[in-house]
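Taken in order, these protein sequences are the chains called A and B. So the first sequence is residues 28 to 285, counted in the working numbering. So the second sequence is residues 81 to 358, counted in the working numbering.
Take the hints with a grain of salt, since some may be wrong.
Capping the alpha-carbon separation at 30 Å, the derived lysine-lysine pairs in DSSO-like fashion look like this [what the hints assert, rightly or not]:
#: 1; chain 1: A; residue 1: K264; chain 2: A; residue 2: K39
#: 2; chain 1: A; residue 1: K39; chain 2: B; residue 2: K150
#: 3; chain 1: B; residue 1: K150; chain 2: A; residue 2: K264
For the record, the hints were derived by calculation from the structure and aren't laboratory data.
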Amino acid sequence: MVGSVGSFTLDKVRGLGDFALFTGRSLGAVFATRRLWARVARALYEQGFRCLPVILIVGTFTGLVLGLQGYYVLNRFGSEALLGVLVSLSLVREMAPVLAALMLVGQAGSALAAELGIQRNSEQIAALDTMGISSCGYLVTPRLLAALFVFPAQTALFVAVGLWGGSLSGSLLLGVDPGVYWSSVQRAVESEDVRECLLKAVTFGLLTISICAYQGFHAHRIRGATGARAVSSATTKAVVISSIAVLAADYVITSFLI
Amino acid sequence: MTPPLPSRSKPDSRTGNFLLEVNDLHKGFGLRPVLRGVSLSVPRGSLCTVLGPSGAGKSVLLKCLANIEKPDAGRISFEGRTLDFRDPVSRDSFLRRCSFLFQGNALFDSLTAFRNVALPLEQTTSLGRGEIRSRAMEALEQLELGDYAGHYPGMLSGGMQKRLALARAIVTRPEMVFFDEPTAGLDPLRRNAVFAMIAKYQALVGFTALIVTHDIVEALVASDTVALLHQGEICFDGTPDEFASSAHPVVQSFRDSPAALRSTLNGLRRAEVAPEQS
Numbered sequence: 028m029v030g031s032v033g034s035f036t037l038d039k040v041r042g043l044g045d046f047a048l049f050t051g052r053s054l055g056a057v058f059a060t061r062r063l064w065a066r067v068a069r070a071l072y073e074q075g076f077r078c079l080p081v082i083l084i085v086g087t088f089t090g091l092v093l094g095l096q097g098y099y100v101l102n103r104f105g106s107e108a109l110l111g112v113l114v115s116l117s118l119v120r121e122m123a124p125v126l127a128a129l130m131l132v133g134q135a136g137s138a139l140a141a142e143l144g145i146q147r148n149s150e151q152i153a154a155l156d157t158m159g160i161s162s163c164g165y166l167v168t169p170r171l172l173a174a175l176f177v178f179p180a181q182t183a184l185f186v187a188v189g190l191w192g193g194s195l196s197g198s199l200l201l202g203v204d205p206g207v208y209w210s211s212v213q214r215a216v217e218s219e220d221v222r223e224c225l226l227k228a229v230t231f232g233l234l235t236i237s238i239c240a241y242q243g244f245h246a247h248r249i250r251g252a253t254g255a256r257a258v259s260s261a262t263t264k265a266v267v268i269s270s271i272a273v274l275a276a277d278y279v280i281t282s283f284l285i
Numbered sequence: 081m082t083p084p085l086p087s088r089s090k091p092d093s094r095t096g097n098f099l100l101e102v103n104d105l106h107k108g109f110g111l112r113p114v115l116r117g118v119s120l121s122v123p124r125g126s127l128c129t130v131l132g133p134s135g136a137g138k139s140v141l142l143k144c145l146a147n148i149e150k151p152d153a154g155r156i157s158f159e160g161r162t163l164d165f166r167d168p169v170s171r172d173s174f175l176r177r178c179s180f181l182f183q184g185n186a187l188f189d190s191l192t193a194f195r196n197v198a199l200p201l202e203q204t205t206s207l208g209r210g211e212i213r214s215r216a217m218e219a220l221e222q223l224e225l226g227d228y229a230g231h232y233p234g235m236l237s238g239g240m241q242k243r244l245a246l247a248r249a250i251v252t253r254p255e256m257v258f259f260d261e262p263t264a265g266l267d268p269l270r271r272n273a274v275f276a277m278i279a280k281y282q283a284l285v286g287f288t289a290l291i292v293t294h295d296i297v298e299a300l301v302a303s304d305t306v307a308l309l310h311q312g313e314i315c316f317d318g319t320p321d322e323f324a325s326s327a328h329p330v331v332q333s334f335r336d337s338p339a340a341l342r343s344t345l346n347g348l349r350r351a352e353v354a355p356e357q358s
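All chains should be modelled from the sequences, with the hints used to inform the complete structure.
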């Protein structure tokens with residue numbers, strides 16, 4: 028019993044160390060990878076443009092629900108005028124960075140893990156290594172660099188459409204004055220809130236994309252699964268671990284900044 | 081259609097001009113040893129084939145040489161200098177002078193044939209775009225794939241994919257090319273064509289080739305030297321003529337396996353006929 032707990036713990040610690048080395052190696056390869064920016068542009072397209080619809084849809088509905096729920100709660104205290112404060116602070120401080128990251132994990136992160144898993148299976152990653160090309164630098168570094176831009180940008184977009192959704196349900200459907208709504212938004216959000224929001228977005232971006240890349244890259248190491256099953260296991264693990272990491276990191280960052 | 085073989089002078093392994101030397105290489109997975117002290121010398125400019133039954137450790141040997149697997153013990157020397165794969169400079173310099181042709185080709189399915197071939201030049205050299213373009217097209221045309229430069233690997237036939245993988249392997253003008261089961265899963269005609277293609281371009285480009293396979297007939301015809309890997313050890317190393325006349329029991333059983341199969345089948349047929357007659 029003690030032996031198996033010890034072996035499990037050692038296994039996890041070794042895995043964490045390996046993950047840290049993988050991320051460090053990928054970031055370090057920025058200076059050694061040739062023609063990097065063309066691949067960064069492609070990653071920007073994959074993570075940014077292709078994930079745009081899901082961010083717009085989820086952001087709008089999140090704002091709509093926040094406006095609706097917020098209105099009925101505030102109405103009890105006769106404070107409907109503070110709807111803009113509730114929607115904007117909820118979005119900027121918590122919901123936009125977390126939900127945008129989860130959506131990006133679901134779309135771009137899972138696709139990345141599956142793509143790398145298939146490349147591992149078909150020996151494309153081994154082929155890069157035998158050519159003297161850094162497989163981390165070629166496959167992972169552009170995705171990590173793109174995440175540094177895409178996650179904050181998508182989060183900002185999520186906030187914008189969320190605020191618009193809040194105004195749609197609060198003002199258009201429930202009768203809060205639009206001027207009151209938007210002026211309370213303007214007064215409520217301060218530069219510290221925006222900084223916290225962007226810090227979370229950048230952290231989640233680096234964390235989730237490196238987790239997804241790590242899982243796909245090492246799909247061959249998954250115990251008891253090979254081939255297509257290993258790829259599906261790697262993709263599932265990537266999404267689950269990334270989602271948990273987003274929520275855990277959110278708690279840690281919030282507790283330091285609050 | 082099998083391409084004609086160009087004539088070439090046979091390298092002499094007795095001159096001691098070895099490009100690659102492997103000494104006492106060991107590799108195991110868990111408690112199972114796969115390579116148990118493999119020693120092998122590959123003469124410069126030769127086409128050397130490592131034969132062996134499935135599971136003998138041929139692919140593991142090749143992967144250890146290409147730094148895909150880390151050997152547990154032993155020494156690999158290239159041009160007389162011992163390789164240290166932990167030293168990035170030594171490792172990268174070796175890898176840039178070698179190429180590896182995978183059993184499944186390992187082509188990048190999201191890149192066109194041209195981009196597949198240009199990739200090693202783009203990533204490992206400081207050549208300009210024009211030079212990369214001309215060298216990649218030259219390699220594609222050498223392998224008769226010039227008209228397919230814009231095609232993705234999935235749009236090409238199996239044989240064309242094999243040629244594309246060879247074009248990518250030779251575009252960097254390597255001194256040594258490793259071939260992992262290049263004829264696996266092919267019919268006899270295509271096996272001949274692949275061996276002929278390797279021999280043709282080896283003579284044309286001048287690289288040293290190390291092939292692992294279990295196709296005896298093609299290997300004996302096309303190779304300069306042959307080694308037999310059995311249970312993780314090299315039990316024969318010599319010329320194809322020496323292999324054909326060797327009295328070593330493992331060589332004999334491997335070489336004469338079609339005859340042994342024929343004899344077994346004849347025996348079975350006789351046994352089936354005998355009870356009917358009685």
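We went through each hint and held it up to the structure:
Distance check on the hinted pair: A/K264 and A/K39 sit about 14 Å apart at the alpha-carbon level, within 30 Å; holds. Restraint check for A/K39 and B/K150: satisfied, since their Cα atoms lie roughly 23 Å apart, inside the 30 Å limit. Between B/K150 and A/K264, the direct Cα distance comes to roughly 27 Å. Compliance with the 30 Å bound is thereby established for this hinted pair.
When the structure is compared with the earlier hints, no violation turns up for any of them.
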